[in-house]
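Student: Protein chains in written order, with our numbering: chain S, 40 to 603; chain E, 40 to 603.
Hints are computed from structural coordinates only; laboratory data are not their basis.
Incorrect hints may have been included.
Residues of chain S clear of chain E, computed beta-carbon distances all greater than 12 Å [stated by the list, open to error]:
#1 D97
#2 A141
#3 R324
#4 T336
#5 F468
#6 L552
#7 A566
Taking beta-carbon pairs under 8 Å as the criterion, some of the chain S residues facing chain E (in silico) [to be verified]:
#8 T67
#9 D218
#10 A220
#11 L234
#12 F497
#13 R518
#14 S553
#15 L556
#16 G575
#17 P578
#18 A583
Result set (BS3-like, lysine-lysine): computed pairs, CA atoms no more than 27 Å apart in a straight line [said to hold, decoys possible]:
#19 K228/S - K370/E
#20 K79/S - K408/E
#21 K408/E - K370/E
#22 K228/S - K370/S
#23 K480/E - K408/E
#24 K228/E - K224/S
#25 K79/E - K228/S
#26 K370/S - K408/S
#27 K224/S - K79/E
#28 K93/E - K79/E
#29 K370/E - K480/E
#30 K370/S - K228/E
#31 K408/S - K485/S
#32 K480/S - K408/S
#33 K79/S - K93/S
#34 K485/E - K408/E
#35 K79/S - K224/E
#36 K370/S - K224/E
The beta-carbon is built from N, C-alpha and C at its ideal position, and this holds for glycine as well.
Protein chains: 2
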Amino acid sequence: MAAAPTAYEQLIDRHRPTLDQALETIRTRAYWSPHPEHPKAYGENGSLSAAEGKAAFDALLGTRFDLGQPGTDDWVGGEVSPYGIELGTTYPHADLDVLLPAMRAGQRAWRDAGAEARAAVCLEILARISARTHEFAHAVMHTSGQAFMMALQAGGPHAQDRGLEAVAYAYAEQTRTPDTAEWTKPQGKRPPLALTKQFTPVPRGIGLVIGCNTFPTWNGYPGLFASLATGNAVLVKPHPRAVLPLALTVRIAREVLAEAGFDPNLVALAAEAPGEGIAKTLALRPEIRIVDYTGSTAFGDWLETHARQAQVYTEKAGVNTVVVESTGAYKGMLANLAFSLSLYSGQMCTTPQNLLIPRDGIATDEGPKTYDEVVADLARAVDALLGDDARAAALLGALVNPDVRARLEAAPGLGEVALASREVTMPEFPDAVVRTPVIVKLDGAKPDDEAAYMSECFGPVSFAVAVDSAEDAVELLRRTVRDKGAMTVGAYTTSDDVAEAVREVCLEECAQLSLNLTGGVYVNQTAAFSDFHGSGGNPAANAALCDGAFVADRFRVVEVREEA
Amino acid sequence: MAAAPTAYEQLIDRHRPTLDQALETIRTRAYWSPHPEHPKAYGENGSLSAAEGKAAFDALLGTRFDLGQPGTDDWVGGEVSPYGIELGTTYPHADLDVLLPAMRAGQRAWRDAGAEARAAVCLEILARISARTHEFAHAVMHTSGQAFMMALQAGGPHAQDRGLEAVAYAYAEQTRTPDTAEWTKPQGKRPPLALTKQFTPVPRGIGLVIGCNTFPTWNGYPGLFASLATGNAVLVKPHPRAVLPLALTVRIAREVLAEAGFDPNLVALAAEAPGEGIAKTLALRPEIRIVDYTGSTAFGDWLETHARQAQVYTEKAGVNTVVVESTGAYKGMLANLAFSLSLYSGQMCTTPQNLLIPRDGIATDEGPKTYDEVVADLARAVDALLGDDARAAALLGALVNPDVRARLEAAPGLGEVALASREVTMPEFPDAVVRTPVIVKLDGAKPDDEAAYMSECFGPVSFAVAVDSAEDAVELLRRTVRDKGAMTVGAYTTSDDVAEAVREVCLEECAQLSLNLTGGVYVNQTAAFSDFHGSGGNPAANAALCDGAFVADRFRVVEVREEA
């Protein structure tokens, strides 16, 4: 251990200013990021250029991704890019009875290093991930189906921001209590009582991160870094269709840990054979004391019910809703909504699904618009946005899996089609399944239609739901959030009363609200350090990214007191 | 609402310095309390003197305790003091279908008032409780069986401290995010993206506090004030044998809320008829979103398993252990342990149960002592402490219920009695059941004995467990904490290696450790603002009093953003 303090003290020196800025920003919630969004920002100071990142990605294809993990009993893989490429990379398959004990071996030293050292190591991991953003961009693109630019930004800097945010929260939470305290209680004329107290944040055990297919890094990093920064080991179980981005992450984490003098087995990968379904097995292991999960409501509910030995943080399905009541910027509203519906083919957990529009129409700066006009104009706005195939593909990306495609193809059976989906061709990826979104008209008053709009239809399907009035829209919004949950709510209105009613529903039912977005910020995007992703207070998620509650129960504080 | 701001703004002015000092102290964890421990500190500045407190308590006996709650369908009661008095007070029995909706009516105004106003109202409630400390002392004494002085201190200032601590944590947690933020993201040569964001802490719903028999205020206040300060309404379900202290609390809370311009139904009492068992019904009501519980492991586990709609905070049973390996202050150790075993007849969740002593004896400043000598000397120390009946009664208090007495009487059947329990008479309370503690010798190596020492035997029963060695003691400590949980661990050792081994067990198994206490601080006492009560990381409790985790998930933050 002699060399370790030197190694991680250097990391503290290097990363303390970034940590301090992150801590400051989560208090002010102003804009900030240390991770550049522009692709051309990379290629210097040790980071991979676009060409280097592409080459690094290509070099991983068809290879065995060896992490040097104990208990590797086999090699598994089978990722097929939504763009049609077979990745051919294989990953270690773990004998859990060997790997899990090995992951605990280094926990004492990791715990004893303290919160600042752990934060610094986490920031070094993130810095090295950042330097390889172009490599990650390809890995995210070819597992999630995101278009390249989105994969680079959402899978790179935005994900890194969310990881850093979690580290900052974890550090702040652990340092709310001092390392030591002197406690002296007066006793009148007698000598005071005096104690010396030591406080140590101790980890829960091993955190399990269950990755998702669509945002392997963005949704994976908060839990990974929150658990690691609070002293836990972390086992990463990627979605079998999106292993590579998290395998790269695990490799970098293991390298940094080892260089800093810690046991690399504090972070490990649990890849699985096709159809193996190891998440259930892992989630119930007694060593697993924290679970972070993004995915279906069914499995999220199963985890919350059965993984009782663990703290379970879930992001599940929801029915995101936008109330369209009136607007002072009709064109901006249409453009903004069209973009929101199109981005990544609606495959974001934050994409609006139900647009609630009064059947008598809405007031706009271009005069009154009937329900039919609004829907038709929105369809035209989407068409205009996606008219050119190359531009469309760069926004839509590819459908992530056959289930999404099946839902898209079934959507016309649900109601009148206001905007039909069309195929988009990508000459460079002829096997990619790229589709424009469909908009279906439904009637909020028809019970048959309710079955459709009150279920999550994940993918490029949205419903223009005709409602009786603004009040009806607000009540349907309330019922939707309460019963089905929502990651996002949007509203367009020029009426203070309607805005206040929507706001009150969001406060009471606990949903994040974007009001009258008509420019370059979209309801489906949140910025780390400033916006909360989810609320943790409605059925769509039991936690928000990122707040004190997301980190506070990943560790406990043990006090040792003795007489001074 | 016009008058409300004035009312609570005055409260903010009055209590802000106390809140600031509490916030400062939870960071430094130095000694502090605004609530005096000495009985003579009361009687001026509007607080009840000893005589006034006694008179106020007497005036409550045999009366109907009307709280003016909606939906009161009956009056219930039946408290019998462990000192033999029938209280004869009756309390409102609630029609939940009336009371619970009424409790939600005032939540919007309470939420909109903000964290600082809520903290100020909570501090005013605590200040008024503090002023009536003498009245509460009698109420706690005659429900818990605590001796008067302990009832005054633990049931009064110490409980008030824990409530204030919870308010401070709740305030700090809610104000980590600003009320509003301006977010401006540069876009190169294009105009920046600019959003205005509002952040509002919103409550979960109604918090349910399930009180316990032994410490109705001390264990009840943290959950009550944590939930109330975070914007929730709070329904208090007292233990049917310890209603009065919490009924008084609820009455004061309702008065303060009303005076400050809020709905008094934000805090309500749910008393029950004998044998009614309403806790299960209440805990599963959809309106109940938070549960705070102190009591048996069986019901705590039931709550954690079944009250899935709520955040559940439990303090359950544990097997508190003291390792006695060696000491440099033999007499101090014996006196300290004797006091710990005797205080409130061992009816604290923090009282040591198992004393692990090497069978070959221990080294002390008075020379080596055999296992038998240590146990006999401890028995003599207890005898010396409790030799005088009046002094004994003032330390022991009364047995809280017949179950404790039954366990005490069964203890001699478990092994060789090193110290027999004796009856203590109290002339002023001839029906009080007052007993000195029993110490039973057990052998750590005998499976039959293990059944006894590996279960919680709540009450004045402790086991002197002979172990093979210090290593054996440490391993038994580890197994006990891991399998059974512990609110407290103690150790006596002059060996750095043994101290380190015990410390490591406590860090790994997550238990709070008191090392070599030989003076006037006891393992079973914790001080608010400085000591954590429980760790939340072993089976004895899933939460600690009080830390960020105890408050962070009682509310969520809702963000409303719009273009700037």
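Student: Now look at each hint and say whether the structure bears it out.
Tutor: Results for each hint:
no.	hint	result
1	D97	holds (30 Å)
2	A141	holds (17 Å)
3	R324	holds (16 Å)
4	T336	holds (14 Å)
5	F468	holds (29 Å)
6	L552	violated (5 Å)
7	A566	violated (7 Å)
8	T67	holds (6 Å)
9	D218	violated (10 Å)
10	A220	holds (4 Å)
11	L234	holds (6 Å)
12	F497	violated (24 Å)
13	R518	violated (15 Å)
14	S553	holds (5 Å)
15	L556	holds (7 Å)
16	G575	holds (5 Å)
17	P578	violated (11 Å)
18	A583	holds (7 Å)
19	K228/S - K370/E	holds (23 Å)
20	K79/S - K408/E	violated (76 Å)
21	K408/E - K370/E	holds (12 Å)
22	K228/S - K370/S	violated (79 Å)
23	K480/E - K408/E	holds (16 Å)
24	K228/E - K224/S	violated (62 Å)
25	K79/E - K228/S	holds (16 Å)
26	K370/S - K408/S	holds (12 Å)
27	K224/S - K79/E	holds (18 Å)
28	K93/E - K79/E	holds (14 Å)
29	K370/E - K480/E	holds (20 Å)
30	K370/S - K228/E	holds (23 Å)
31	K408/S - K485/S	holds (23 Å)
32	K480/S - K408/S	holds (16 Å)
33	K79/S - K93/S	holds (14 Å)
34	K485/E - K408/E	holds (23 Å)
35	K79/S - K224/E	holds (18 Å)
36	K370/S - K224/E	holds (23 Å)
This entry does not satisfy hints 6, 7, 9, 12, 13, 17, 20, 22, 24, going by the numbered hints stated previously.
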